[in-house]
Structure formats: structure tokens, C-alpha cells
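Participant: Given only the sequences and the hints, what does the whole structure look like? Please build it.
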Amino acid sequence: MDKSQILDNGILEQYVLGELNMSEKVRIEAAIRRYPDLKKALEELESSLEELALENAIEVPDEVKIELLNQIKRAHSDIIALPQSNNKGFYLSIAASAAAILCIASIYLLVQVNSTNKALEIAQENNIELNDNFKSLNEQLVETSKWFEAINDPDSEKYILKGNSLMPNGIIISYVNNAKKSILINTEQLPKLDAEHDYQMWADVDGAMIDMGVINKEGSMLVMNYIDNAKSLNITIEPAGGNDHPTVSQLVTNVYLR
Amino acid sequence: MVQDQSLILRLQSQDENAFSAVYDNYSGALYGVILRMCKDEELSQNLLQDTFMTIWDKAHTYDSEKGRFYTWAYRIAKNKALNYLRKPESLIQNEDLGVYENVAEEIKEPIDILKLTGSIKNLEAHHQEAIKLVYYNGLTHREAHEEMNVPLGTFKSYIKQALKILHKSYVKVIVLWIILVELFK
Numbered sequence: 000m001d002k003s004q005i006l007d008n009g010i011l012e013q014y015v016l017g018e019l020n021m022s023e024k025v026r027i028e029a030a031i032r033r034y035p036d037l038k039k040a041l042e043e044l045e046s047s048l049e050e051l052a053l054e055n056a057i058e059v060p061d062e063v064k065i066e067l068l069n070q071i072k073r074a075h076s077d078i079i080a081l082p083q084s085n086n087k088g089f090y091l092s093i094a095a096s097a098a099a100i101l102c103i104a105s106i107y108l109l110v111q112v113n114s115t116n117k118a119l120e121i122a123q124e125n126n127i128e129l130n131d132n133f134k135s136l137n138e139q140l141v142e143t144s145k146w147f148e149a150i151n152d153p154d155s156e157k158y159i160l161k162g163n164s165l166m167p168n169g170i171i172i173s174y175v176n177n178a179k180k181s182i183l184i185n186t187e188q189l190p191k192l193d194a195e196h197d198y199q200m201w202a203d204v205d206g207a208m209i210d211m212g213v214i215n216k217e218g219s220m221l222v223m224n225y226i227d228n229a230k231s232l233n234i235t236i237e238p239a240g241g242n243d244h245p246t247v248s249q250l251v252t253n254v255y256l257r
Numbered sequence: 000m001v002q003d004q005s006l007i008l009r010l011q012s013q014d015e016n017a018f019s020a021v022y023d024n025y026s027g028a029l030y031g032v033i034l035r036m037c038k039d040e041e042l043s044q045n046l047l048q049d050t051f052m053t054i055w056d057k058a059h060t061y062d063s064e065k066g067r068f069y070t071w072a073y074r075i076a077k078n079k080a081l082n083y084l085r086k087p088e089s090l091i092q093n094e095d096l097g098v099y100e101n102v103a104e105e106i107k108e109p110i111d112i113l114k115l116t117g118s119i120k121n122l123e124a125h126h127q128e129a130i131k132l133v134y135y136n137g138l139t140h141r142e143a144h145e146e147m148n149v150p151l152g153t154f155k156s157y158i159k160q161a162l163k164i165l166h167k168s169y170v171k172v173i174v175l176w177i178i179l180v181e182l183f184k
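Protein chains in written order, with numbering that gives the first Met the number 0: chain A, 0 to 257; chain B, 0 to 184.
A hint or two may mislead.
[Claimed, not checked] Only pairs whose alpha carbons sit at most 30 Å apart, straight line, appear in this in silico DSS-like list of lysine-lysine:
id	chain 1	residue 1	chain 2	residue 2
1	A	K2	A	K24
2	B	K167	A	K64
3	A	K157	A	K216
4	B	K86	A	K2
5	B	K86	A	K191
6	B	K120	B	K159
7	A	K180	A	K161
8	B	K65	A	K24
9	B	K86	A	K64
10	B	K163	A	K24
11	B	K114	A	K64
12	A	K39	B	K86
13	A	K64	B	K57
14	B	K167	B	K57
[Said to hold, decoys possible] Label-pair restraints from in silico Cβ distances:
id	chain 1	residue 1	chain 2	residue 2	range
15	A	R32	B	W176	56 to 64 Å
16	B	N82	A	A98	50 to 58 Å
17	B	E64	A	A98	47 to 55 Å
[Unchecked claim] Some residues of chain B that are not near chain A, with every Cβ distance over 10 Å (derived):
id	residue
18	S5
19	S19
20	L42
21	Y61
22	N78
23	R85
24	K86
25	A124
26	E128
27	E146
28	L175
Simulated from the structure, these hints should not be mistaken for laboratory data. Ideal placement from N, C-alpha and C gives every residue a C-beta, glycine not left out.
Facilitator: Written out as C-alpha cells, the structure is:
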């Protein structure tokens, strides 16, 4: 639309008064943006009509404003109600965060529990091991105490059987208790034999050699069979498992009893 | 009158205090328009309320590039009043119950408040009438020129001249006011 056409035909006035249809309005607005003097003319028109209106203002009863403010408060609270659904989202996000934190905390705790469990298992294993150790130590103690008791018995007599030329470095310590009819030996310094041979102990009773038992290769303190009226203790090397009579040529040590 | 742009921006961001201030600034002027169109106080107050609710709801659609805020608000008020007046029911009711005549008669008495005052009174009678028809009676140029029984072109020139004179007088008032303000500073 031409600028002078707008000015001459009172179109600007009609625009201000809101008489134009949509397409006319759009064209006028485009022209106003384009021509600064149109814009200026529009501003003059508008301010004139505004002044006219202000001069001819009529006082409005206060109730109208009060009612309006109440209405927009209600409308506003409705509008605020919308963000409340956002609040829901907000709370949801808090809940989600809380859930996430809980989840992470749970995983952390689970890991902690697992590692604690492992530690506990290890501790339990250690405990079992310690218990076993304790048990075996205790057994050893009982055993040692028994030996100690037996050795220290006032009725116990100590005999040392020194090895002969067949067993130059070997020594057996024996404790004979005639009151309690028991005999113990310490085989710690007895040389090791091969798998096919065992040491066997014999008691000499009136010239007859009576079997006191095969010396166990394991262990260092052994209980042997007590034989009444034994004159001497003798040890021979015999085939593994022992022999029913001693192989005299294989006598490694002997001791006469008092 | 200089438009308070920050006030309008606050209104557009749904600031209730800004709304209250905008109401204080413009409600009288808009009520003046609506009441002169409808000539019924209760109805006009309802329409004014309706107008301000629309202003509140649609404030974000106001574009200061396209004109003054008051012009925008005026168009809303005018449309509300015209929509009511042109509704078939309101016409039928007026005819059936004779409300229209009653209103017209009622208005005659307290018409003083409806009489236009200020600078417009300095205009020639036909200029006053032309402005009154389009601005305060809500008639279109086409309706108004028929009402005044003058050709459309003539009517348009009435409006143009009237507004030009009004503008000059307002500028004078503003200049006077500025001088007074400067004097009393």
C-alpha cells in the first residue's frame, strides 16, 4: 500500500480505531515499519486519541478493581497450578535423584557387604586354622605334659642306649617305670632307615628276647610294650613291619636294666 | 502521555502489581469509552472487567512496535462492547423489555458524565460529532458517515482534521505543562 494513499484515505485512523480487517492490518503494519513518517503520524494519532480518552475518563467504582484483582489472583493461582505439575516433575526429579542415590548407596553397601563377607570368611578360615593349631598345640601340650609327667615320675628311670659300630651316632633315650609298668623312648637321635627296614625293640627275659614292638618311624616319643622282669633292652634292625625273632647280627644298641 | 515501557513489560510477565498500576492508568479512559458506547453502568463495568481480564491474559501478545499500549487496550474494550451490543439476544431483550428506551432515557439525566470534555470541546461541532461517533459510539467510518449524512471522504477529512487539531492542542498542553514543571523546579 502506498504511503500517501494510506495518509490521504484516513486508513491510519481506521487502523488505530481497529476498523481494519486482518489483511489490511498486516499491510498497514508492514508500511508503518517501512516508512518512518507513517510511524510518526501513527504515534501522533494514537497519542491524540489517548489524551482524548484520558480527558474523558470516567471514574470506575472501586469494586470493579477489587473484583478484577481477585479474579487474576484466582487465574494466577491457576497458572501457578500449572507449574505445580512442573513441581510434580521437580519432586519426581528429587525422587529420581533420591532413588539414584539409594541405588548407588545400595550398590556401595552390597560391595561393602560382599567384601566384609569375604573378610569374614577369611577370618573364619583363619579362626578354624587357629583353632586347629590351637587344638594340635593343645594335643602336643597334653602329649608333652604326659611325657614330661612320665619322665619326671620319681619311679621313672632313664636309660641311654648308645649305638654300636652299626649305628655309631645313634642314641635312644628310654624311661622305664617298673611301678607303673610303662616304658617310653625318645627316638629323636635314631638314624633314619629305608622303607624296607624298621627298628624293633626287644626285652631280654631270662635269655629269651621278647618283642617290645616295632619303633614307629613317625614321632619322637613312643610308648613301647612293658615286659616284666626284663634284664636288658635291645634294638635290632628288622625287615619292615617287624620280625618274630630278633636278627642278632643287626643289633644296633642295648642297655642293661638296673 | 509517555508510555511506561517497563510497566508494560512487567505486566507481560504477569506481575500483579504492574496489572494494578496499568488498571489505575487506563481503566477510567476505557470505562469512558465503554460506558459511552453501552450507556449502562453495570453492563459497562462488567465489560470493563472483561476487558482487563483479556488484557491480563493476552498482555504477552501486545507488540510495542505496532503501536501504543492504550490503543491496543482500547481496541479490546471497543470489541467487547460492540460484540455485546451487536449480539442478537441483547437487541431482542432490549426491544422486548423496552430496556433500550429506558437506558436511553436514564442516560439523559446523568448524561453529564458522558458528555465529552477537554480539548474536544474546542473543536467545531461536526468535528466533535465525527470523533464521538467513531471513538465513543464505536461506529465504523462507513456507519458514521451515513449517520452524519456526509460522504465518506468528507467524513474521513473531518476525522483527520479533528485529530490534527486535538494533537496540536495536546502538544500545547504538554508544552505548557513542561514550562510549569520547569518553573516550579
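Participant: For B:K86, is the shortest beta carbon distance to chain A beyond 10 Å?
Facilitator: Correct as stated: the minimum Cβ-Cβ distance to chain A is 18 Å, above 10 Å.
Participant: Are all C-beta atoms of chain A more than 10 Å from that of B:L175?
Facilitator: Nearest chain A Cβ is 13 Å from B:L175, so the label holds.
Participant: Does the structure keep B:K167 and A:K64 at a Cα separation of 30 Å or less?
Facilitator: violated, 34 Å
Participant: Sort out whether A:K64 lies within 30 Å of B:K114, counting only the CA atoms.
Facilitator: holds, 24 Å
Participant: What's the verdict on A:K157 and A:K216, does the C-alpha distance respect the 30 Å limit or exceed it?
Facilitator: holds, 22 Å
Participant: Hint says 47 to 55 Å; check whether the CB-CB distance for B:E64 and A:A98 agrees.
Facilitator: holds, 49 Å
Participant: Decide if the proposed pair is consistent with the structure: B:K120 and B:K159, CA atoms, cutoff 30 Å inclusive.
Facilitator: Judged against 30 Å, a Cα distance of about 16 Å means the pair holds.
Participant: Beyond 10 Å from every Cβ of chain A: is that where the Cβ of B:R85 lies?
Facilitator: holds, 14 Å
Participant: Quick one: work out the minimum CB distance from B:E128 to chain A and report holds if it exceeds 10 Å, violated otherwise.
Facilitator: holds, 14 Å
Participant: Test the statement that B:S19 is away from the interface with chain A: the closest C-beta pair must be farther apart than 10 Å.
Facilitator: Per Cβ check, B:S19 is inside 10 Å of chain A; nearest 7 Å; violated.
Participant: Does the claim that B:E146 lies outside the interface with chain A hold up, using a Cβ gap greater than 10 Å?
Facilitator: About 14 Å separates B:E146 from the closest Cβ of chain A, which puts it past 10 Å; holds.
Participant: Compute the least Cβ-Cβ separation between B:Y61 and chain A, then decide whether it is above 10 Å.
Facilitator: holds, 13 Å
The structure is inconsistent with the numbered hints 2, 4, 5, 12, 14, 15, 19, 22, although it conforms to all the rest.
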